[in-house]
Amino acid sequence: MMLRRRQLAAMGAGLGAAALAAPAFAQAAWQPQRPVQFIVPAGTGGGADQMARVIQGIVSKHNLMNRPLMVVNKAGGAGAEGFLEARNSRGNPHVLIISLSNLFTTPMSTGIPFTWRDLTPIRMMALDEFVLWVNAESPWQNVAQFVEAAKAGRLRMGGTGSRQEDQIITVALQRATGATFTYVPFRGGGEVSTQLVGRHIDSTVNNPIEAVTHWRAGTLRPLCVFDSRRLPGEGRITETMGWQDIPTCKESGLDVEYLMLRGIFGAPGITPAQTAFWVNLLERVAETPEWRELMAQGAFNTTSLTGAPFSEWLGREEERHRTLMQEAGFLAAGG
Amino acid sequence: MEEIQLLGHGFAVALQWENVLLMVAGIVLGVLIGVLPGLGGANGIAILLPLTFTLPPVSAIILLSCIYWGALFGGAITSILFNIPGEPWSVATTFDGYPMAQQGKAGEALTAAFTSSFVGAFVAVVMITFLAPLVAQFALQFGPPEFFAVMFLSFACFIGLARGSPLKALAAMMFGFLLAGVGMDGVTGQLRMTFGSMELMRGIDFLVVVIGLFGLSEIFQSIEEGLRFKGARARITLGTVLRTWAELPRHWALFIRSSLIGCWMGITPAGATPASFMSYGVARRMAKDKDSFGRGRMEGVVAPETAAHAAGTSALLPMLSLGVPGSPTAAVLLGGLIMWGLQPGPMLFVEQKDFVWGLIASMYLGNIVGLIIVLAAVPWFAAILRVPFSIIAAIILMVCAIGAYTVNSAEFDVVLMLIFGVIGYVMKKLDYPLAPLVLALVLGDRTEESFRQSLLLSEGSLAVFFSNWLVGGIMTLGLVMLFYPTLSKLWAPRMQPA
Amino acid sequence: MSITTQDSVLIPSAEAAAERGPSQRGMEIATAVVLMAAGGIGMMDSLRIGAGWGTDGPQSGYFPFWLGAILALASLGNLVVALRDHRRGARGPRFATWGQLALVAQVFVPTAIYVAVIPLAGIYVSSAVLVAYFMRRFGEFRMVTSMLSGAAAALVSFVIFEIWFLVALPKGPLETALGY
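Protein chains in written order, with the UniProt record's numbering: chain F, 1 to 335; chain B, 1 to 498; chain A, 1 to 180.
Extracted from the complex, chain F is given alone in its bound form (with noise of 0.2 Å):
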């Protein structure tokens, strides 16, 4: 109790995270009385597939919960199944789910009716960045050639999926420069980067561990990351340039930015004690030597939230998600 009570301090003052109210504390301790149910919205080997696994395989190697995960994929309707699934398991503490963008996406491309406020919010664990990539034998070497050609003739962007996160940074970018581009649809990110490759697509905005390969080969080169700030990591990736060495977008004058949610929630009505365990256990997650490699080889930016903040953060990003849906016409009929 002592352990888990510092913990939790340690993590409120280091994140800035006052939601943690008192109450939680107070509370007996909750623990898992069942196998836990751990939803993931996509089909496997994606991305949140993975982390999900990653997340199962460091409780089970670290033993930090008594009871096994068991991850269940529900990918049908962009995920929709998913997110009813933990919908429909009110006050069940024994189903979390991991989220994607599709948590803003599904329902206003579809019409699915849900949001985020039907699920409890546990903690944003990473979010994913996006980096504009071009072949290496391509002339743009930077975001203004890019642009400028992009201005010139139409450009093909590929992206993993439709109405999703890529075709929304693609929107955005038609937005803030004015240029056309042809979107093509893959189905998964090492698809996206080999195309590029293959030079049979003319750019992406692959997440940096889709592309860091190739880049490292030679024959990729990232032009702007979506985010604020530079992607975080020491040392060099390639012989000359680290992950810090890649501008942001805003600094190169193209104002997009995007990141991608990877966030675990429960199912709503949950109580403060079982959210405290789900914040707690993640928080120990999170600390583990595997959970740090997995970040510092795919570039996340790592800020995590709990509580209120991340309710706020959530709040915002949604709504940053309906102009961008609706600028692009992806909204459903009447949704």
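Keep in mind that the hints were calculated from the coordinates and are not lab data. Nothing here was measured: the structure is a model prediction, and the numbers come from that model. It is possible that some hints are incorrect.
Stated by the list, open to error - Using 30 Å as the maximum straight-line C-alpha spacing, the simulated BS3-like pairs for lysine-lysine come out as follows:
{"id": "1", "chain 1": "B", "residue 1": "K429", "chain 2": "B", "residue 2": "K290"}
{"id": "2", "chain 1": "F", "residue 1": "K250", "chain 2": "F", "residue 2": "K151"}
{"id": "3", "chain 1": "F", "residue 1": "K61", "chain 2": "A", "residue 2": "K171"}
{"id": "4", "chain 1": "F", "residue 1": "K61", "chain 2": "B", "residue 2": "K353"}
{"id": "5", "chain 1": "B", "residue 1": "K290", "chain 2": "B", "residue 2": "K428"}
{"id": "6", "chain 1": "B", "residue 1": "K429", "chain 2": "B", "residue 2": "K288"}
Claimed, not checked - So these bits of chain B aren't anywhere near chain F, every CB distance computed over 10 Å:
{"id": "7", "residue": "G8"}
{"id": "8", "residue": "V126"}
{"id": "9", "residue": "S165"}
{"id": "10", "residue": "P166"}
{"id": "11", "residue": "V187"}
{"id": "12", "residue": "E224"}
{"id": "13", "residue": "A253"}
{"id": "14", "residue": "I256"}
{"id": "15", "residue": "R285"}
{"id": "16", "residue": "I368"}
{"id": "17", "residue": "A383"}
{"id": "18", "residue": "P388"}
{"id": "19", "residue": "I395"}
{"id": "20", "residue": "L487"}
Using N, Cα and C, we set each Cβ at its ideal position, and we do this for glycine too.
With chain F held as given, fit chains B and A onto it using these hints.
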């Protein structure tokens, strides 16, 4: 040669005793996973991935890749014994494998399937060993138009194979395409043919349909003849294995052709399922006695199994060297690499020699170990046929239900499986061919997707399908295959001097 | 749901019960009509989302529309063939005899009940009952043997899926009471 040296080093890594133990454990687990429909290679590996956290990366990948080999081997078992494909790529194996089992040749069919799997995998591993960088370069040539051309070729090889009414074959194929279209359109994100139903938004999964269409309907059909299975209860011993082996070298040309088709499809990366169909189609096209296919020809087992295993194995190459998974299972393995702190892609071969060559060595060893294990178990597998109907039927139904459920963790899929069981029963009795339906269902959405991606890239111009030698060549080959039946009919009168 | 309900008009009354059954042609006609309807439904839904050819290639509904159209046409062809044979009045083969269909129903009905019960009782309990029922009904095993085998089958799959592979399958009140 540098490769030989590195491979030798790899063998030293793979032959450490704990790695050999993991290999055996992986194969056995994989066979189990492959046998249970639904709990396929991808799911099985995803499920076991977290367990590998405690192992060093080389051991972890050896365990997981051996599960993969085991699943590839295991998929054939239920296809042959019960007409239930354990994995999508073993659907084509049912066409001749199940009739063989019904004629009391289950042992021969299993032996042929396992041996062909081994040969296919072996050819693919040799290719990976010596041609990896070259092959990776080739894979980069494949954009959406090339991908569509490959899909077109798969269909072209298969069309015209069905016996009986061409109108029925056409209807079955179109029905399959329509089913594939249900759910979310991958290109625009629009919902198609879901009619507001949450359950249909998930799409209609190929495996669920196949379990019903092939597995359940077979149970319904076989009990018409009384409450028992048709499978003759021939005694099967290890002697059967040796007798079958004596027969297999005759099909050497088939082995080579199927391996090449498999390797090519694995690299592009189209995957093992289209490879198995294409290989079966080509084998039938090339055979003198076409009509005996589908009635228990050993070539009908050899061709799809060789190609599927060659494709399944070579699918790991683009995964390792480019970071593009050639199959769902490879996609999960890719996640594993990242979890262990390795970056798949061009730098892996340069920086992680121990890992890469340990893996390649384990591919050789794992397949040899796998072949020995599954062959030794042939009499045992075939003995399942002697279990009384009253026991085995209920267990098959249970396994089918679990399989259908695990695909998407959806109870609706179990209902769907039952519906397709009835559809399959009716279609079989009315001589609607099931193969075109299944082919369209499994390849339909990827074909459409690549077609539309191509047109997005070309801004609507169809000329993109003949825009370079590669895509043009494959398309032309496809067209030739498509019209081959007509052409050969024109030739035929002249060929018969009589 | 069951096939036995369809098309029984064409059975001449003189035949022995075991030889009776829905005619092959009746089933052909019914199937063709159902597939035509499926094609039609596909076409209708495709028109809703746009079945044209846009500037950047086909729209979402383009392929489903034309595939549905071909399906409907092919089925129309099948229907014409079946009707033509029908009009000639030739008494074709049976789709299946009632006796055969009764056998099929003996397996189909328990399976349908099994599928319906899974969401309520969970897959393990339902499977145990299914296995026990089949053994008792078709194998004439002793009651105790059947029940024990059913329980064993369910227990083995429970251990494999829930405990080894950590795959969650549908569970019912019994599993909940046991803490799963």
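Hint by hint, which ones does the structure fall short of? Failing hint: just 11.
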